[in-house]
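Build out the structure end to end from the sequences listed, making use of the hints.
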Amino acid sequence: MPGQVRIYNYGLFSLEYGNFSNFNQLISMMVKATENDKDLAIDLLTSAFTENKSVNYIVRQDHLREQRIKALMQYSFDCCMLYGHVYFSEDKKACALVSFPDRKKTSFKSIILDLKFIFNSAGVANVSKILHREKLISGKYPKTEIYYLWFIGVSPEHQNQGIGRTLLAGIINEANQLNRPVYLETSTESNVRWYQKAGFEIYGVLDFGYNLFLLRRAPGSIS
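Counting from 1290, one number per residue, gives the positions in the sequence shown under my numbering.
All clues given are correct.
Keeping only pairs whose Cα atoms sit at most 25 Å apart, straight-line, the calculated DMTMM-like set for lysine to aspartate or glutamate is:
id	residue 1	residue 2
1	K1394	E1474
2	K1321	D1391
3	K1321	D1380
4	K1381	E1355
5	K1342	D1403
6	K1359	D1328
7	K1486	D1496
8	K1359	D1326
9	K1424	E1474
10	K1424	E1434
11	K1405	D1391
12	K1381	D1332
13	K1342	D1496
14	K1405	E1340
15	K1424	D1403
16	K1394	D1367
17	K1418	D1351
18	K1432	E1490
19	K1486	E1340
20	K1398	D1326
21	K1382	E1324
22	K1359	E1474
23	K1359	E1340
24	K1381	E1340
25	K1429	E1474
26	K1486	E1474
27	K1381	D1328
28	K1405	E1474
29	K1429	D1496
30	K1393	E1434
31	K1321	E1446
32	K1405	D1367
33	K1382	D1326
34	K1418	D1391
Bear in mind the hints are in silico, worked out from the structure with no lab data behind them.
As structure tokens, then:
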């Protein structure tokens, strides 16, 4: 089917139990997003991350906060369409934004995107702390190519149904096929164990007035 990528997962966690067992039973369908899916992806991720500590650290905190979060998701979507991939679960109740940092190039379009992000989401006053945050995070990355999972979220009314685990399984499988380690950050402490069950390890914690957990997963590794 056009626009869909069938992912057969070997070495991924069981959907029923949320851990690594009977890995060859898991078949995950990921739907690759197009520009026509932009509004759906932005709305889904905005609703999923409205109260997220890391997101709210980045966006300007004023009466337009939710609009600014939406602008952050638009910026992230556009960047991943340029330098990575955007995936949905088969039912489009979950969305993942994937970036390949080694593919990012400075261009007129990337500069426009950055400026729109600053003025519509972060606010000029927040730029220095955001750049400092990104420097600390990116300084932890290896010099080799990585698979960066920028966002993965499930619409609030469909959470705790295994949809996110299915999508994460497909993400891990693609990273394995590319032989790239998966890197991500989360400020939601309860999610750390969820990622650990999928084979991720904590390799650092940064303090930004909240704890930001840095996680990675080696390609092909099985927990």
